[in-house]
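J.: Here are the chains, one letter per residue:
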Amino acid sequence: MSSLLALLLVPVTGSIVAAIIQRYRLAERLVSFSTFVVTLLFLIDIRVGDAFTWSLGFLGKNIEMGLQITPLSIFMLYMTIAFGVLLTFFDLTERSKMKSFLLLLTLAASNWIFMATDFLSFFFAWELMGWASILAIFGGRRTAESRHGALYYAMMSIGGSYSMLIGIFLLSNLTGSFSIQQNVSYLVSIMTVHPWWVLGIVSMFFVAFMVKSGIFPFHTWVPYTYGESPDGFVPYLSSVMSKYGIYGFLIFLPLTLSLRNVPGVLGLPWPNYTLVWFGSITAVVGSVLAFMQDDVKKLFAYSSFSNLGFILAAIALFTPIGLTAGLFHAFNHLLFNGAIFITVVAVISKVGITRMSEMGGLWQKMPLTFLTFFVGIASAAGIPPFAGFGSKWMIFQAMISHGLIFATVLLFFASIASFLYLMRAFHAIFLGQLSHKYDNVKEISAIGKITEVFLIGALIFFGIFPGFILDPINSIVGSFGLKPLPTSGYEYINGFFSSVNMVSIFIVVIVAFIFGFLLFAVSAKHKKVPQEDNYTAGQIPKDWNLTPEMYQFSYDFYEPMDKEIAPFLKIKIDGFFKGFGDSVEYLGSSIKEIFTGNVQIYTYLAIGGLVIFVIAGWIVW
Amino acid sequence: MIDFLQNWIYLTGAMALVGIGLYIVLTNTNILRIIVGLNIVDSGTNLFIVTIAWHPKSVMPIYTATNNLVVDGHVVAADPLPQSLVLTAIVIGLGTTALALAIAVKIYQKYGTLDVRKIKEEDK
Amino acid sequence: MKTYNFAALLVGVPLLMAFSIPLFGFISKQLAKWITVLTLTFEFLFSLYILLWHVYPFNVIMGNWVPPFGENLYIGSLATILIVVISFVGLMISIYNLWSAKYGDVVHFALLFLMFVGGSIGLISTGDIFNVFIFMEITGISSYALAAYGPERRALGGAFKYLVISSIGSTLYLFGVLLIYTQLGTLNIAEIAARISQTTPGLLTFAGILLVAGLAVEAELFPFNGWVPDTYTGAINPVSATLSGIGSVGGVYVLIRIVMTVFGKNGNFVSTYGNLDLMTLIAILGTATVVIGELSALVQTNIKKMLAYSSMAQMGLVAMAFSIGSRLGAYAGIFQLINHSIAKAMLFLILGVIVSFGGERVEDMKGLWYKSPFLAVTFTIGALSLLGLPLFGGFWSKFALVDASFQRGGWYDFIMAIVLFASVVEAFYYLKVVGYIFTSKPAVSEKIKVEISPAIPIAAFAILIIAIGIFPQIVSGISYSAAHELTDKMSGYVLNVIPTIVGH
Amino acid sequence: MVIVEFLIKLSQGFGIGALALATGLLFGGIARKIMARIQRRYGPPFTQNFMDLFKLLSKGSVSHGWAFDLGLVAGFVPMLAALMFLPIGPFTLFPSDSSLIMIVYLMMMAYLGMAMGVLASGNPNSAIGMSRALMLMAGYEVPFAAVIFSIYFFSKTGYLTQIVAMQSGGFMNWNIVKMPLGFLAVEIVLQGMLGEKPFDQAIAPAEIASGPMVELGGKYLGFGMIQHSVALFLETGIIVDLFLGGAPNFWIFIAKQFVLYFVVVLVDAILPRLRVHEATSFFWKLPLFLGILQAVIVIIQGGVLNV
Amino acid sequence: MSEWTEIVDYFRGRSMWMLHYCTGCGAIELPPTMTSRWDMERFGITPMATPRQADILLITGYLAIKTLKRVIYTYEQMQPPKWVLGFGSCTINGGIYWDSYNVIERLDKYIPVDIYIAGCMPRPEAILDSFVKLKEMVQNGEAKGYEKYVKNYEWYKANQDKVLKRTKPVLERIEKVTKIG
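Residue numbers (our numbering), protein chains in the order written: chain A, 37 to 657; chain B, 292 to 415; chain C, 36 to 539; chain D, 38 to 344; chain E, 2 to 182.
Accuracy of the hints is not assured; some may be wrong.
Said to hold, decoys possible - Okay, the calculated beta carbon distance ranges per label pair:
1) A:GLU181 / D:ALA59: 57 to 63 Å
2) A:ASP579 / E:VAL133: 49 to 55 Å
3) C:ALA478 / A:THR49: 55 to 61 Å
4) A:LEU41 / C:ASN337: 27 to 33 Å
5) A:GLY615 / C:ILE491: 45 to 51 Å
Said to hold, decoys possible - Some chain A residues judged to face chain C by a derived CB distance under 8 Å, without partners named:
6) PHE160
7) ILE170
8) TYR198
9) LEU582
The set of hints was computed from the structure by calculation and includes no laboratory data.
Ideal Cβ positions, reconstructed from N, Cα and C, are used throughout, including at glycine.
Required output: the full structure, derived from the provided sequences and hints.
T.: This is how it looks when you write it as structure tokens:
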């Protein structure tokens with residue numbers, strides 16, 4: 037009971053300490069790391085079903101507030117906190133501009149979100165997390181762009197939370213309670229009578245969740261924000277914070293179980309069907325936009341919300357396999373996105389830029405980082421036997437089992453497209469020619485190396501033993517009243533159409549690799565040549581004043597595709613929001629003209645207002 | 292309760308003063324004229340206050356042997372309270388006017404004009 | 036009916052000290068400043084005593100003229116909490132003035148300031164509708180003069196605009212009061228409130244409109260708020276803080292007292308007597324003010340003007356909250372009023388320190404974090420509190436406001452949607468400034484040195500904001516009982532003043 | 038016992054790999070012969086590819102570092118691994134894991150490895166070639182996905198072995214009869230998968246010096262050749278299993294594969310190369326249309342699965 | 002071991018990939034050699050795009066000094082075993098450019114040539130004949146030009162340097178001249 041409170045109090049205390057000592061960067065980072073570790077230690081003590089309640093005399097009512105641990109929340113808690121431990125451990129030596137106290141405040145808020153049993157504390161924590169992350173992003177590059185990024189995020193996020201606020205009060209006025217469980221069960225009970233009502237209320241919530249997760253059409257803030265936020269904060273933002281929306285969706289998705297009599301498509305109630313399409317479109321939009329990115333952080337921002345689209349599409353089905361697949365992908369996304377962003381952060385910290393076309397050839401200098409990144413993108417592309425394959429594979433099966441072939445094809449396209457942009461990033465950052473600028477670049481510190489080795493290990497381990505994650509997920513699925521998928525051992529993934537033994541695949545791949553290296557060893561010897569010794573059509577590089585930068589092809593890598601995806605790029609949701617903002621600003625500048633600074637105009641206004649009142653009074657007289 | 296509407300001449304006068312005052316405030320750009328306008332509005336208000344205190348048939352509100360304050364069960368005495376109210380109002384109006392004039396003097400010192408439109412231009 | 040005549044000192048002491056300050060001024064200018072501080076300390080402690088020892092509600096009856104025959108002061112829970120806030124803000128500003136009051140006539144500045152605070156306290160505590168007019172004029176005259184202070188000539192223009200609009204407003208108010216007087220023959224708020232239903236509805240409607248129009252000038256509601264941007268911008272920053280933190284509190288208080296207590300018709304949701312529901316009128320005015328204020332603030336490049344427009348918009352929000360008419364709505368309004376008063380006064384004071392080192396354009400806020408972390412953090416706290424983000428006071432009031440309006444339902448849902456949209460706009464420009472503070476390099480790297488005298492009030496305000504954010508009970512309890520005073524006028528107000536009266 | 042089983046599987050796996058490699062090389066040789074005959078040449082002997090591979094493995098080569106080596110090994114190894122899950126005629130090494138999507142993703146790992154290797158060489162020609170290959174992949178994988186998902190939905194299983202088993206019992210049970218449009222789409226896709234004209238932008242020799250292979254020589258080129266040959270076997274084999282009902286024995290399996298490949302070679306012989314974006318968008322037009330049409334038909338036929 | 006070498010040599014002879022370095026008019030003879038009239042692919046000889054992949058370097062025609070530099074670079078980029086075919090009289094003795102100040106006379110002073118094809122122009126039959134000849138030499142283990150190059154590298158290098166010095170950038174020389182002047 038007290039350890040539930042500790043999950044909130046420890047980060048807050050840590051945050052205060054970190055805020056006080058923020059001038060001493062190393063101490064600040066140590067505090068941040070140890071806070072995460074302590075929180076994790078408290079978490080170990082916590083079991084499903086633990087609860088803690090208190091009441092708050094507010095608004096003249098006595099509001100029951102509480103914390104409670106459900107299978108879903110403990111899953112989410114482990115994910116966020118364990119990832120935070122890893123990230124802060126990595127940050128011990130990296131010079132990131134991240135303000136640790138804001139990160140810790142975000143942690144407290146996120147713990148609270150996952151444990152809240154009432155909408156009041158849910159909203160409180162949600163907003164707390166919102167502004168802590170906004171301020172954290174402000175600390176990014178300290179440029180006008182960084183400001184715009186954070187402001188864009190802030191606007192979307194505040195708009196979303198106001199939408200949620202409206203939803204909360206519409207709901208609590210119906211039930212007279214803030215308790216999540218009571219409200220949801222109330223919604224279930226009126227579902228058959230007023231389905232439109234319920235959908236209206238729930239969609240108010242969904243707007244907030246979609247904004248936070250960056251689901252189409254609210255994805256536009258993601259690249260700006262990720263591109264500009266502090267390097268150390270991006271992994272947390274993309275791996276952990278994007279999952280809050282998914283958690284929110286899962287609060288309300290059980291509603292759809294009682295929706296079976298609503299008209300649907302292919303046996304799927306249409307609200308679910310719509311969400312699946314939102315997810316699929318997000319996946320595609322993210323991938324397509326990532327094609328053309330040159331900024332590495334932005335590229336992986338697109339990648340991030342594209343993967344969120346996968347997760348949403350899967351959980352929106354709300355079938356056992358769909359839910360399992362979605363949660364499994366959420367976990368895998370946490371891992372591989374963490375691996376990718378941590379390596380990206382490591383590279384950025386060494387190279388000092390984020391434009392990929394100016395990097396290249398870094399594998400010679402940072403081999404371990406390179407390998408981590410390789411394993412990360414292999415996982416992201418869904419290649420067996422790494423983590424990431426299983427969940428993608430299950431998502432496809434979940435989708436096809438409903439006959440959603442178009443959505444599945446879209447998702448598959450997104451998956452292929454993700455392979456494309458991952459390769460492009462891989463090439464542009466690590467492969468190709470190493471510029472002389474980076475001759476002095478060193479591999480990251482020992483702590484960074486430990487983190488990376490750990491991440492590689494985790495990606496492979498959870499790839500071949502998915503059961504360690506699928507077991508808790510099954511208990512979550514069970515807690516939603518669905519029948520969990522059958523389990524047959526830690527190495528099996530059981531899908532709808534087929535099951536796969538990951539260990540046997542792993543062994544086959546390993547044996548094949550052994551054979552491959554044997555073949556490599558027995559065939560004729562090779563000669564190691566430097567990167568300058570390259571095919572140049574007979575031209576001698578030195579005579580030609582050829583520099584490695586000139587011999588690196590990575591700018592506009594997919595230029596021919598411009599023509600093909602131009603129609604996609606024309607749909608500018610971004611432009612809509614920007615145009616909306618501009619119109620508001622225009623409106624503001626017109627309204628401002630009322631206050632001219634001339635006292636007579638003001639008097640006219642006042643007298644005019646009075647006359648209108650009098651006329652109005654006259655009419656009703 | 293005083294049926295003050297019987298004093299319609301005075302009431303019209305009060306309203307007219309307020310209207311004239313407001314008209315001056317709205318149409319004149321000179322600060323001094325605006326102050327005069329405000330003063331006229333004040334006068335209108337004061338007249339109104341005094342007017343509501345009596346009607347042509349009312350008597351003074353002092354009890355003497357010949358002065359019947361109550362006729363046929365109705366109070367016919369004039370209301371003494373507005374007299375005190377109007378004093379206060381006059382004093383306050385005076386204070387406001389004095390301050391306004393002081394500000395006007397300062398404005399003329401700083402801006403060199405008393406035209407509100409020119410002051411607005413100068414501020415920009 | 037409880038009487039506690041000693042509390043007349045609340046109004047008497049500041050006015051007495053105000054007019055005796057020139058005497059002290061002969062001795063030393065510093066003494067005049069310190070007298071202000073001491074007087075307001077007394078005010079604050081005394082009001083705190085009334086609040087904490089639960090002395091309220093009580094009447095102050097002069098010369099045994101029992102209301103409704105004599106003039107009285109009534110200090111209920113609403114008046115208590117507002118007096119505490121006003122005297123606290125006034126005390127803080129007076130401490131700030133120890134540093135900032137350098138221009139011109141320091142002694143008379145102190146005089147006017149004390150007169151303003153005393154007038155505001157009188158305004159809030161008086162139980163006589165004509166005395167409201169007198170106190171309004173006292174605060175009015177002192178604030179015109181305060182607004183005209185300062186080295187810049189635009190202060191004069193602002194003060195003059197304020198004077199003209201405000202004079203017209205008080206004239207309208209006076210007309211309204213007199214119309215009611217012709218009907219009921221009394222000026223006591225409690226008696227009028229009890230007997231309001233006896234009046235001719237048509238005349239009452241007309242009187243109500245005149246009263247609302249007149250009071251909307253002080254409460255900064257559109258279209259009677261033309262003076263706000265120019266006066267706030269023109270005045271020196273402590274005066275802007277005073278106007279925003281004290282003046283607008285008084286203005287809104289009177290508006291709400293007249294409309295809800297005097298005109299109010301109790302019910303599930305308070306409405307008013309007369310043909311036109313004044314609550315609806317205020318709701319419309321409030322919403323229009325919020326929208327116009329926030330949108331105008333959005334495009335400002337002058338930060339002081341931005342704060343002025345924001346102030347206006349916040350007052351619209353407060354008025355809108357009261358107009359819901361439920362106890363929760365009134366609670367939200369009071370809470371929001373307190374939060375706004377504290378936060379906005381703090382922002383103006385911070386601005387005063389910054390302006391003394393540089394310009395007051397939005398760009399001049401760039402890199403404040405590097406110049407002075409203290410000011411940067413406190414400014415952020417104030418801004419976030421105004422935006423209603425959690426851990427800061429503003430969260431609770433905005434939360435209650437949304438709750439109240441959704442409980443009311445009907446067209447308040449749409450009003451709330453508009454208001455929330457305006458809040459997003461507000462978030463944009465405040466966060467833009469916060470972004471400038473933290474993300475830009477300053478144009479000049481000169482550090483801002485914050486002296487002890489301005490630092491005390493700013494820090495005190497910031498701590499108070501966070502304290503309210505974490506423990507809303509500090510103000511929520513008294514605010515909630517104050518809300519009761521507004522929504523149930525007979526038991527909340529009238530019977531406490533005149534126990535024998537029979538409601539109609 | 039486990040060890041014996043493992044050794045048996047190991048030797049069987051080697052056998053499958055060798056067979057597939059031999060078949061792929063043979064197909065390549067035959068294709069060169071066919072091509073020569075279409076161009077009224079004599080052409081090389083059909084064993085030419087074996088000799089080429091042998092020579093390449095015995096020839097010296099240059100390496101650009103360990104990423105280059107690792108990438109090229111990883112370029113052909115997953116292809117061999119994927120082969121182990123393919124039902125070849127009646128025989129499947131791991132029948133319980135023969136999930137179609139898993140095989141497709143294993144093949145993708147080969148592309149990833151290959152890309153890593155050739156890009157590590159630092160030659161811009163290989164980067165251009167790789168970008169073209171990947172763009173083409175974005176094209177053809179979409180209709181392919183539409184078709185394989187239709188088959189999933191139609192067969193209600195994801196195991197290749199079961200898909201094959203469902204088609205047993207004569208020509209009329211083959212999926213080619215049940216889903217002709219899907220087959221057509223896949224046959225067009227196969228052209229792109231194998232990188233034959235008109236979809237050979239990636240290795241355009243006169244334009245970008247054979248693209249990804251520009252820095253490969255000796256054994257590295259040999260690895261590339263192994264990859265291509267095994268991929269040829271694997272891809273045609275998948276289509277045979279999906280549409281042509283598998284085969285009762287190995288020879289018929291190869292014959293069916295050859296029929297598929299023969300069409301590809303003929304098309305290759307007569308068509309010129311398309312431009313890069315034209316090729317990609319081609320796959321998003323006709324084959325995708327066919328695939329989607331097939332999917333619609335399947336959904337209408339099959340209704341909804343009982344979940 | 003020698004059997005193994007023989008097997009290897011046999012397959013090497015049957016699969017020779019060619020990089021043609023076309024400097025002069027001789028390039029015109031290659032299309033007929035490759036296409037249906039003569040069809041060199043029947044010997045397992047295919048044109049290749051880069052030196053990394055090729056076994057044969059076919060040099061068709063005169064080599065200006067500037068070109069020679071590229072030829073040497075290309076030759077060194079090829080991996081052993083590799084063979085050079087000199088095509089036409091220009092590679093043998095300069096041909097019609099025998100007295101040019103800027104064209105080398107004998108190719109095998111600079112890189113080891115395994116077979117010269119005489120004539121101006123040699124016909125496709127002659128090219129094919131040389132291929133067959135080379136194949137036999139390879140299979141008999143006689144074509145060891147690349148080993149000769151490694152063994153006598155100093156000599157080749159000296160010859161190369163002697164002519165390549167002339168290709169120093171013109172501007173640099175002018176600078177030197179003006180300095181002396």
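J.: Hint by hint, work out which the structure violates, then give me just those numbers in ascending order.
T.: Violated hints: 2, 3, 4, 9; rest satisfied.
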